[in-house]
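> These are the residues of each chain, in order.
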Amino acid sequence: MRAKSLEWEKPSRWERFVESTAGIGRAITGRVALAGNLAVFSAATIFWLVVKGAKRETLTPAFFNVGVLSLPVVMLTGTFIGMVLAVQSYPQFKLVGLETRIGAAINLSLVKELGPVLAATMLAGRVGSALAAELGTMRVTEQIDALASMGVNPIHYLVAPRFLACLTLIPGLTLFADLMGVVGGAFFSIKLLGVDWSYYWEYSRNMVGMFDVFAGMFKSVFFGAAIALICCHQGFRCGAGAEGVGKAATSSFVISFVAILFLDLLLGIGLDQIQTQFLGGPKGSMI
Amino acid sequence: MTDETKKDGAATNGDLKPVRVEPNVENEARPYPLPNLIGESNPAPSAERLIEGAVIVDEDGVKKALRRRPPLLEIQDLNVIFGENQVLRDINLKVRRGETVAVIGESGCGKTVLLKNMIGLIAPTTGRVLFKGKDLARVSDKALTEIRTHYGFVFQMAALFDSMTIADNVAFPLRQHRRNMRRSEIKERVESLLEEVGLNPKIVANKTPSEISGGMRKRVGFARALAMEPELMLYDEPTTGLDPIMSDVINELMISARDRRRVAGVLITHDMKSASKVADRIVMLYPHARLDPGEPQMIFDGTPEEIERATDRRVAQFIRGEAGERIREMTAGR
Numbered sequence: 002m003r004a005k006s007l008e009w010e011k012p013s014r015w016e017r018f019v020e021s022t023a024g025i026g027r028a029i030t031g032r033v034a035l036a037g038n039l040a041v042f043s044a045a046t047i048f049w050l051v052v053k054g055a056k057r058e059t060l061t062p063a064f065f066n067v068g069v070l071s072l073p074v075v076m077l078t079g080t081f082i083g084m085v086l087a088v089q090s091y092p093q094f095k096l097v098g099l100e101t102r103i104g105a106a107i108n109l110s111l112v113k114e115l116g117p118v119l120a121a122t123m124l125a126g127r128v129g130s131a132l133a134a135e136l137g138t139m140r141v142t143e144q145i146d147a148l149a150s151m152g153v154n155p156i157h158y159l160v161a162p163r164f165l166a167c168l169t170l171i172p173g174l175t176l177f178a179d180l181m182g183v184v185g186g187a188f189f190s191i192k193l194l195g196v197d198w199s200y201y202w203e204y205s206r207n208m209v210g211m212f213d214v215f216a217g218m219f220k221s222v223f224f225g226a227a228i229a230l231i232c233c234h235q236g237f238r239c240g241a242g243a244e245g246v247g248k249a250a251t252s253s254f255v256i257s258f259v260a261i262l263f264l265d266l267l268l269g270i271g272l273d274q275i276q277t278q279f280l281g282g283p284k285g286s287m288i
Numbered sequence: 161m162t163d164e165t166k167k168d169g170a171a172t173n174g175d176l177k178p179v180r181v182e183p184n185v186e187n188e189a190r191p192y193p194l195p196n197l198i199g200e201s202n203p204a205p206s207a208e209r210l211i212e213g214a215v216i217v218d219e220d221g222v223k224k225a226l227r228r229r230p231p232l233l234e235i236q237d238l239n240v241i242f243g244e245n246q247v248l249r250d251i252n253l254k255v256r257r258g259e260t261v262a263v264i265g266e267s268g269c270g271k272t273v274l275l276k277n278m279i280g281l282i283a284p285t286t287g288r289v290l291f292k293g294k295d296l297a298r299v300s301d302k303a304l305t306e307i308r309t310h311y312g313f314v315f316q317m318a319a320l321f322d323s324m325t326i327a328d329n330v331a332f333p334l335r336q337h338r339r340n341m342r343r344s345e346i347k348e349r350v351e352s353l354l355e356e357v358g359l360n361p362k363i364v365a366n367k368t369p370s371e372i373s374g375g376m377r378k379r380v381g382f383a384r385a386l387a388m389e390p391e392l393m394l395y396d397e398p399t400t401g402l403d404p405i406m407s408d409v410i411n412e413l414m415i416s417a418r419d420r421r422r423v424a425g426v427l428i429t430h431d432m433k434s435a436s437k438v439a440d441r442i443v444m445l446y447p448h449a450r451l452d453p454g455e456p457q458m459i460f461d462g463t464p465e466e467i468e469r470a471t472d473r474r475v476a477q478f479i480r481g482e483a484g485e486r487i488r489e490m491t492a493g494r
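Chains A and B, in that order, are what the protein sequence lines are.
Its first residue numbered 2, the first sequence is counted upward by one per residue in my numbering.
Its first residue numbered 161, the second sequence is counted upward by one per residue in my numbering.
Excised from the complex, chain A in its bound form:
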C-alpha cells in the first residue's frame, strides 16, 4: 500500500526529460543485467546438479510439492479446458456440417498446445510463486546467508532439487492434463452435445499422432526448467521486507508466463519444421 510520494522540489521540464531518458537507459541495462544474472544462476544450478546431484532429504519434499500437490489442480484445469473447447468449437463445426470431427480439433489442440501450456501455467502459479516467496523470505531473514556461512552452497541445497522436480515431473503433469482434457472434451461432446462417439474417436485417432503427444511433452520440459529457474532466481534476488517478497512472487509468475509463451512459440515452430521435413507433415487432415 503506497500513497503518491510528496514532491518537495518540482523538477524543470529539461530535468524531467533527462531523468526519463536516464530511466529508459537504466531499465534496458537492468533487463540485460537480469538476463545475464539468470544465465549465470542457471549455469550454477546445472553445474551443482551434475557435479554433486541433489540430496534425497531435499528431493523428497520438492517432488511431493511439485508432483503430488499439483496433480489435482492440473487435472481439474485439463478437464475444464477440454469441456470449454467443446463448447466453443461445436457451433462453428456444426455450421459447416463437420461436428463429427470436433474430437480431432479438441484433442489435437489439447496435446500439442493447451495441455502443456496450461499445466505449465498452473505450475508457475501454484509452485513457482510459492518457490519465489519461500526463497525470498529465506533471503530476507538471512537463512540463505546462514546456509552459505555453514559451508552449504544455497544453489545446490535449495535450487537444484526444485529444478530437478519441475524438470522431471512436468511431462507427467502435462500427460494428466492431456488425459483429463480428452475425457472432459469427449464427455461434453458425446454426452451433452450428442456427437456420435464412434466418429468422434475415429477422427481423433486419424488426426492425433504420437509425435503430437511427444511434442507437447517435449515442450513441457523446457517450460518446467524455465519456471524453476526464473522463480528460484527471483526468490534469491528478493528485495528487503514484505514488499520485496510480494514483488518476487508476482514477478516470478509474470516472467515465467511470458517465458512459457515465448518458448512455446519457438519450440512450436521448431517442432512443426521437424514434423514437416522429416515425418511427412501432420498425421491427418480435418477435411
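I should point out that these hints are in silico values taken from the structure, not numbers from a laboratory.
Heads up, some of the hints might be wrong.
Stated by the list, open to error - Listed next, the in silico SDA-like pairs over lysine to any residue satisfying Cα-Cα at most 25 Å (straight line):
| id | chain 1 | residue 1 | chain 2 | residue 2 |
| --- | --- | --- | --- | --- |
| 1 | B | Lys294 | A | Lys248 |
| 2 | A | Lys56 | B | Leu334 |
| 3 | B | Lys437 | B | Glu485 |
| 4 | A | Lys56 | B | Gly243 |
| 5 | A | Lys56 | B | Lys292 |
| 6 | B | Lys292 | A | Val153 |
| 7 | A | Lys56 | B | Asp461 |
| 8 | B | Lys367 | A | Val153 |
| 9 | A | Lys248 | B | Phe321 |
| 10 | B | Lys347 | A | Leu176 |
| 11 | B | Lys433 | B | Asp452 |
| 12 | A | Lys53 | B | Phe321 |
| 13 | A | Lys248 | B | Gly243 |
| 14 | B | Lys302 | A | Lys248 |
| 15 | B | Lys347 | A | Arg57 |
| 16 | B | Lys302 | A | Gly37 |
| 17 | A | Lys56 | B | Glu389 |
| 18 | A | Lys56 | A | Val41 |
| 19 | A | Lys56 | A | Asn66 |
| 20 | B | Lys433 | B | Pro361 |
| 21 | A | Lys53 | B | Arg298 |
What the hints assert, rightly or not - Pairwise CB distance ranges (calculated):
| id | chain 1 | residue 1 | chain 2 | residue 2 | range |
| --- | --- | --- | --- | --- | --- |
| 22 | A | Ala36 | B | Thr463 | 47 to 55 Å |
| 23 | A | Thr61 | B | Glu412 | 34 to 42 Å |
| 24 | B | Glu485 | A | Asn38 | 36 to 44 Å |
| 25 | A | Val52 | B | Met341 | 17 to 25 Å |
Every value quoted in this text rests on a predicted model; they were computed, and no experiment measured them.
All C-beta atoms in this analysis are idealised placements derived from N, C-alpha and C, irrespective of residue type, glycine included.
With chain A held as given, fit chain B onto it using these hints.
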C-alpha cells in the same frame, strides 16, 4: 579473567606471572579435536604445564606466541562499493587466533558489510580478505564452501531454518559435513550444544523456531554456529533486541567460546557494554560519506581500556552514547 580463576591461579602457580586456570580440555572426551592454539608446527608454550588435571597457561607467553603467528583472518585494503555508494574504504584488519575483535560504529557505517566480506558472502570491490592466507575472492566455489566450515556465524535475527525443529537446526551442519557420524552421535552432540548455551534439550529440541522466544532463538543460533567446532566466530549484533540479562548471557557465551574453545571472534555491535566485556580489541568504523577526504575509515583501533581514554570527539561521543550535534548534522544531510 574471572575472580575465581585469578584466585585459583595464584594458589597453584606460585611465582609465575598472570595465569589462567582452565579445564584440561585436552583430556575431555570430545568428538573432534579443538583447533590448535599454537599450530602443529610450533611447540606448546613453555609455561604450559599440567597441574592436577588443569592446564596452566602463561598469558603473556601465549599472547607473545599468538602475535608471532600469522593472522587467522586478514583484510587488506578492502573497498566495497554498491553502485555509486562507497560503503567501505581502505580497511585493513587482522584477527589472530584466540582474540576477539569488536567492530563498533553507528548504523550504516558498513559493519555488517565488513562482516559479510570476512566470510565471502559479499565480494570486495577491491582489496583482499585472507583466511589462513587464502584469498576468499580467488578460491573456487567448492574451496570457499570448505573454508566456510571453519567459521561460525551468529546472525542478528538468528536466521534459523523455520521449516526445521530446533534440534534439526543445530544438527544441520553436522548432517551436511559429518556424513560418517551416527544418528545417536549427532543427537548426543546436539544435546550437549543446547546445554552449553543454557537450553534444556528436552524442552526445546522438538519445537520450531516460531515457538520459542527471541533470546532462545539467539542461543540456538549460537549452538548451531558452534556445531562444527569453528576457528573463527562472527557475531552480527548478537545482543540487539535482548533484555539486559539475556544480553549478558550472550556475552558470557562469547567469552566462553573464546576461552574454552579458543576460537577467534569478530563482534559487530552497538552495545559498548558488550564490546568492553567481550573484546580484546575494539575498532571503530565511521560512515564513509561523513569522512573528510583522505581520512581513514577506521577511526579507532585499540583495547577496551584505551577506548575509554580516546580523545577523538566522534569516538568519545559514540562510547558515551551522546547525540551531540547529530540531529543538526543529519538534517543537513551528513
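> Lys56 (chain A) and Glu389 (chain B): Cα distance at most 25 Å?
It holds: about 24 Å lies between the C-alpha atoms, which stays within 25 Å.
> Does the Cβ pair Thr61 (chain A), Glu412 (chain B) satisfy 34 to 42 Å?
40 Å, holds
> Hint check: Lys292 (chain B) vs Val153 (chain A), CA-CA at most 25 Å. Holds or violated?
This hinted pair holds, its Cα atoms lying about 20 Å apart.
> Just to be careful, I want the Cα atoms of Lys367 (chain B) and Val153 (chain A) compared with a cutoff of 25 Å; is the pair within it?
Distance ~24 Å between Lys367 (chain B) and Val153 (chain A) Cα, so the pair holds.
> Quickly compare the C-alpha distance for Lys56 (chain A) and Asn66 (chain A) to 25 Å and report which way the hint goes.
16 Å, holds
> Does the structure keep Lys248 (chain A) and Phe321 (chain B) at a Cα separation of 25 Å or less?
22 Å, holds
> 36 to 44 Å was suggested as the range; check whether the CB atoms of Glu485 (chain B) and Asn38 (chain A) agree with it.
43 Å, holds
> Quickly compare the C-alpha distance for Lys302 (chain B) and Gly37 (chain A) to 25 Å and report which way the hint goes.
22 Å, holds
> Does Lys292 (chain B) sit within 25 Å of Lys56 (chain A), going by the straight-line distance between their CA atoms?
30 Å, violated
> Is the straight-line distance between the alpha-carbon of Lys56 (chain A) and that of Gly243 (chain B) 25 Å or less?
37 Å, violated
> For the pair supplied as a hint, Lys294 (chain B) and Lys248 (chain A), is the alpha-carbon distance within the 25 Å limit?
This hinted pair is violated, its Cα atoms lying about 38 Å apart.
> Between Ala36 (chain A) and Thr463 (chain B), is the Cβ distance one that fits in 47 to 55 Å?
51 Å, holds
Checked against the numbered hints above, the structure violates hints 1, 3, 4, 5, 7, 10, 11, 14, 20; every other hint is satisfied.
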